[in-house]
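Chemist: Those sequence lines, one after another, are chains A and B. Throughout, the numbering used here is defined as the position within the first sequence, counted from one, plus 9. Throughout, the numbering used here is defined as the position within the second sequence, counted from one, plus 46.
Since the hints were derived computationally from the structure, they do not count as laboratory data. This structure is a prediction, so every number in the text was calculated from the model and none was measured. Using N, Cα and C, we set each Cβ at its ideal position, and we do this for glycine too. Treat the hints with care, as some may be off.
Partial pick of chain A residues on the chain B-facing surface, computed with a CB cut under 10 Å [to be verified]:
hint, residue
1, Ser22
2, Gly25
3, Gly60
4, Phe64
5, Tyr68
6, Leu84
7, Ser91
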Amino acid sequence: MEVTVRIPTPLRSLTGGEEAVKLSGATVREVIDGLEKAHPGMKDRLLDDKGVRRFVNIYVGEEDIRFLDGLDTALESGQEISIVPAIAGG
Amino acid sequence: MSAILRRARLLPSVIDAVGGTPLVRLRHVSQSAPGVEVYVKLEYLNPGGSVKDRPALRIVRDAIASGALTPEKTLIDATSGNTGVAYSMVGAALGFRVALVMPSNVSKARKDITQAYGAELIPSSPMEGSDGAIRVVRRLVAESPNRYFYADQYANPSNPLAHYHGTGAEILDALGDRITHFVTGLGTSGTMMGTTRRLHEHPRKIHCVAVEPAEALHGLEGMKHMGSSIVPEIFDATVPDEILPVSTDDGWDMADRVAEQEGLFVGHSSGANIFGAVKIAERLHAEGRGGCVVTIACDRGDRYFAPMRWERRYTW
């Protein structure tokens, strides 16, 4: 399942400035593992020992994975995963 | 004037209710630092519900006085929400149009509040946060320079001046010579810059600490991680005496604690501010010193609710 992961500005230092990364995986968890392999440091910023960090929002299409099956949310080819940060300053 | 008399003032307009917020002693969350007083200034008691009423009003007043903002112009700015609410309120009260560029993932409450005041909302990318909103405003203003007054809270000296003449002066008025430390977070940095400049004029040194999110990807909405952001023009790194990184988890946990233990329901950035203030108080206590630490409650917790609980879709 090839999907596109949209990377927010604060994490682009890990992707060499890339705004989107193509990866394959059957679930969100597999995609995050793939993201970590390609761009080490990513996993720690997104997950803690309980799962997705409570201030990090991960969307498949337009749905927050908290309202789907969390990290086990199944993916279809061509879907877009967005990591949406909190809003800074002012 | 006593607090009761201040609250009973008769005012000609809602904008005259901005400022004059009370300081409240935090006794429970600072129990780990006996002998050090910790106070929080309740900026959420401003009529727009946040500390941002101060810079928004000052920016508008100064722009009207200089002729930069005239009735045929629309005030425009990038905002993560609270400044937008403040501009919208002031615009409605004084009768000028307001357009706000906000990342489309700002909370629904903020969009609804600004629209209730009649402001026009323009969405920017949720992936690029407030820096993306800044870039959109710059483009719109460049395209139609005569249509807009660009308030530019990140660069406008009226922003820190509001805190120099307001927040800082009020803290000294309330506490006099007792205050030893001031702690607040960096967003536009206006609160830190203006308040600190005023406190540094006090004859005895007041140690001023800037709280910063510990990580680039954080959940302290309203705060800026300077290392990974467009640094605001009004930010001068030489003004704070110390930078204190605070993690999102510590800020969020403290926001929960002050609600439960102090009866103050504050937002996440206020939680981080109070966490920082208690850290400083604990350090003073460990050194065997007393002190009086002041921090800021920027807004109320009901502007945040749990992440996206009521907002499954972030599209506009």
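Chemist: Can you name, in rising order, the numbers of the hints this structure does not satisfy?
Modeler: 2, 3 and 6
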